[in-house]
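Could you build the full structure based on these sequences and the hints that come with them?
In order, the protein sequences belong to chains A and B.
Taken in order, the first sequence gives residues 1 to 113; the numbers are from the numbering used here.
Taken in order, the second sequence gives residues 1 to 110; the numbers are from the numbering used here.
Careful: at least some of the hints might be erroneous.
As the list claims (entries may be wrong) - Restricting the straight-line Cα-Cα distance to at most 20 Å, the calculated cross-link-like pairs of lysine to aspartate or glutamate (EDC-like) are:
#1 B:K69 with B:E55
#2 B:K52 with B:D82
#3 B:K3 with B:E66
#4 A:K57 with B:D96
#5 B:K3 with A:E101
#6 B:K52 with B:D67
#7 B:K52 with A:E101
#8 A:K57 with A:E101
#9 B:K102 with B:D11
Everything labelled a hint here was simulated from the structure, so no lab data went into it.
Because the structure is a prediction, the values reported are computed rather than measured.
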Amino acid sequence: KAGVTQTPRYLIKTRGQQVTLSCSPISGHRSVSWYQQTPGQGLQFLFEYFSETQRNKGNFPGRFSGRQFSNSRSEMNVSTLELGDSALYLCASSLRHPNTEAFFGQGTRLTVV
Amino acid sequence: DAKTTQPTSMDCAEGRAANLPCNHSTISGNEYVYWYRQIHSQGPQYIIHGLKNNETNEMASLIITEDRKSSTLILPHATLRDTAVYYCIASGGGADGLTFGKGTHLIIQP
Numbered sequence: 001k002a003g004v005t006q007t008p009r010y011l012i013k014t015r016g017q018q019v020t021l022s023c024s025p026i027s028g029h030r031s032v033s034w035y036q037q038t039p040g041q042g043l044q045f046l047f048e049y050f051s052e053t054q055r056n057k058g059n060f061p062g063r064f065s066g067r068q069f070s071n072s073r074s075e076m077n078v079s080t081l082e083l084g085d086s087a088l089y090l091c092a093s094s095l096r097h098p099n100t101e102a103f104f105g106q107g108t109r110l111t112v113v
Numbered sequence: 001d002a003k004t005t006q007p008t009s010m011d012c013a014e015g016r017a018a019n020l021p022c023n024h025s026t027i028s029g030n031e032y033v034y035w036y037r038q039i040h041s042q043g044p045q046y047i048i049h050g051l052k053n054n055e056t057n058e059m060a061s062l063i064i065t066e067d068r069k070s071s072t073l074i075l076p077h078a079t080l081r082d083t084a085v086y087y088c089i090a091s092g093g094g095a096d097g098l099t100f101g102k103g104t105h106l107i108i109q110p
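Below, the structure is given as structure tokens:
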């Protein structure tokens, strides 16, 4: 069956803009988590959605938000982009909450200029 | 999640068993040990997890000490494709998601 699909794979945005990233989980998976990966900070947890509800949230400013739809697809939004938001954004899906046995997508590489 | 400590890097010859250690001395009773790996430019890949018994699947074996303060991930016959960063995570599924540390960069030598 198809894995976790993230779109787009690459994105370049200007400081101050906003961006929306999309994640389609594995069919049947109801939990979706988002992570940010940078060379300096490594992999950091952003938030987890399960059954359209945000269940957990990491230590990120309110500019980072997300949502999950009834088909379990998820989007994350970053508003007022800063240079430091340049990162690989990874989505992970799993059958259950909490999302610990997670299947990750290939990520979206966001560059803010 | 409990803090984990792993060596920064390790080498292993192709075809040999790769043994990756992890210390988690402050692990609590409800926290599982998870192993993930990340091959360059890809998303992390789940490998295995366990609570207190040793576990084996098609990818690897996980050996957890009786006091649960440390564990070892074993890749029985390492191949060049096993070169990756391996993350050991102790998690009870709490509010912080999976806490990835810096992991061990495993390099399989031909």
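- Query: Quick check: which numbered hints come out false for this structure?
  - Reply: Per hint list: single violation, 2.
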